[in-house]
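Full structure from sequences and hints, please.
2 protein chains.
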Amino acid sequence: MTTPQLTKNQALVFDTLTKAEAPLSAYTILDKLRDHGFRAPLQVYRALDKLLEYGVVHRLESINSFVACAHPDENCHSHGLVAFAICESCGQVIEFHDHEVDHRLMGWLKSQKFKAEKSTIEIRGHCASCAA
Amino acid sequence: MTTPQLTKNQALVFDTLTKAEAPLSAYTILDKLRDHGFRAPLQVYRALDKLLEYGVVHRLESINSFVACAHPDENCHSHGLVAFAICESCGQVIEFHDHEVDHRLMGWLKSQKFKAEKSTIEIRGHCASCAA
DNA sequence: ATCAATTGCGTAATGCTATAACGTGTGCGA
DNA sequence: TCGCACACGTTATAGCATTACGCAATTGAT
Ligand SMILES: [Zn+2]
Ligand SMILES: [Zn+2]
Ligand SMILES: [Zn+2]
Ligand SMILES: [Zn+2]
Numbered sequence: 005m006t007t008p009q010l011t012k013n014q015a016l017v018f019d020t021l022t023k024a025e026a027p028l029s030a031y032t033i034l035d036k037l038r039d040h041g042f043r044a045p046l047q048v049y050r051a052l053d054k055l056l057e058y059g060v061v062h063r064l065e066s067i068n069s070f071v072a073c074a075h076p077d078e079n080c081h082s083h084g085l086v087a088f089a090i091c092e093s094c095g096q097v098i099e100f101h102d103h104e105v106d107h108r109l110m111g112w113l114k115s116q117k118f119k120a121e122k123s124t125i126e127i128r129g130h131c132a133s134c135a136a
Numbered sequence: 005m006t007t008p009q010l011t012k013n014q015a016l017v018f019d020t021l022t023k024a025e026a027p028l029s030a031y032t033i034l035d036k037l038r039d040h041g042f043r044a045p046l047q048v049y050r051a052l053d054k055l056l057e058y059g060v061v062h063r064l065e066s067i068n069s070f071v072a073c074a075h076p077d078e079n080c081h082s083h084g085l086v087a088f089a090i091c092e093s094c095g096q097v098i099e100f101h102d103h104e105v106d107h108r109l110m111g112w113l114k115s116q117k118f119k120a121e122k123s124t125i126e127i128r129g130h131c132a133s134c135a136a
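Line by line, the protein sequences are chains A and B. All letters in the first sequence, in the order written, are residues 5 to 136 by this note's numbering. All letters in the second sequence, in the order written, are residues 5 to 136 by this note's numbering.
Calculated from the structure, these hints are not laboratory results. Among the clues, some could well be false.
Repeated chains share a single entry, so a pair holds when one copy, or any two copies, can fit it.
Claimed, not checked - Simulated crosslink set (DSS-like; lysine-lysine; CA at most 27 Å straight-line):
1) K119 / K23
2) K23 / K117
3) K54 / K119
Put into structure tokens, the structure is as follows:
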């Protein structure tokens, strides 16, 4: 998927996520963009939907938040699973890919004749800095 | 973790989940239990918290729902990751465990000095019956 | 037996997350 | 010019989860 030119709203949301040091909720993004004319949640959600579609943003299901893709250049996303380690202290997210895990999971799913479409792999815990 | 005797509310919620053929949201559980005296979401959430703690119920983060554990007898949960395949047509959930995936993920996390505490692995798609 | 601490329960209020429904404007090809 | 697709703005609503308060039952010393 090649990323088309972003619209104004999409660019604002993407910028906000890119500059953030931790995942942001849709409503947090909304608050950060009020000065730029954002007034309603839907403006954020609509932009996020497109950014997710383009693959430049990920949604973290376990914390209802969004994060800019850490590997926008690699094309891993098209043929592999993405996993996230999320620090519950500082919020930092490490995004990673592992074809071994990928193959193993896909193999199991295939044996069950389950047709996979979307995947979520999220590990919550504490990062090296925060693990005291 | 050994499961203590369930309280009345906990047993009602657990029963509801056990009988269900698909994951249920907290509010759906609430509706199903109104005849048994449930009036507020908190009654459900409190019971769910305990059931999750005992490991007899799982939360599916990607669909904000809860499901009874499919392997209540095995003690896999204590030393391994749990994964779910969720059919978006019929709602059916397949719960499975794979030590290979487990080791691989944990190895990676260890290399990052990340201390894992909770994990979420959920694959959404279509089950064998629904995959037309 | 009594007191204190813990746990569960009931209710009301609130907060956070996400979508539905409606209408407007703009660009672009038929 | 018409029709269509798409982005946008606004209001209202739906869905998910927690905070806060008080009371009752249980437990476990003293
Ligand atoms: Zn990515
Ligand atoms: Zn951290
Ligand atoms: Zn289980
Ligand atoms: Zn199905």
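Now for the hints, and whether the structure bears them out:
1. Proximity of K119 and K23 under a CA criterion of 27 Å is satisfied inter-copy only: 26 Å between copies versus 36 Å inside one chain copy.
2. Taking the shortest Cα distances, K23 and K117 sit within 27 Å of each other only across copies (25 Å), while inside one copy they are farther apart (41 Å).
3. Within a single copy, K54 and K119 get their C-alpha atoms as close as 24 Å, which meets the 27 Å cut-off; across copies the closest is 33 Å, which misses it.
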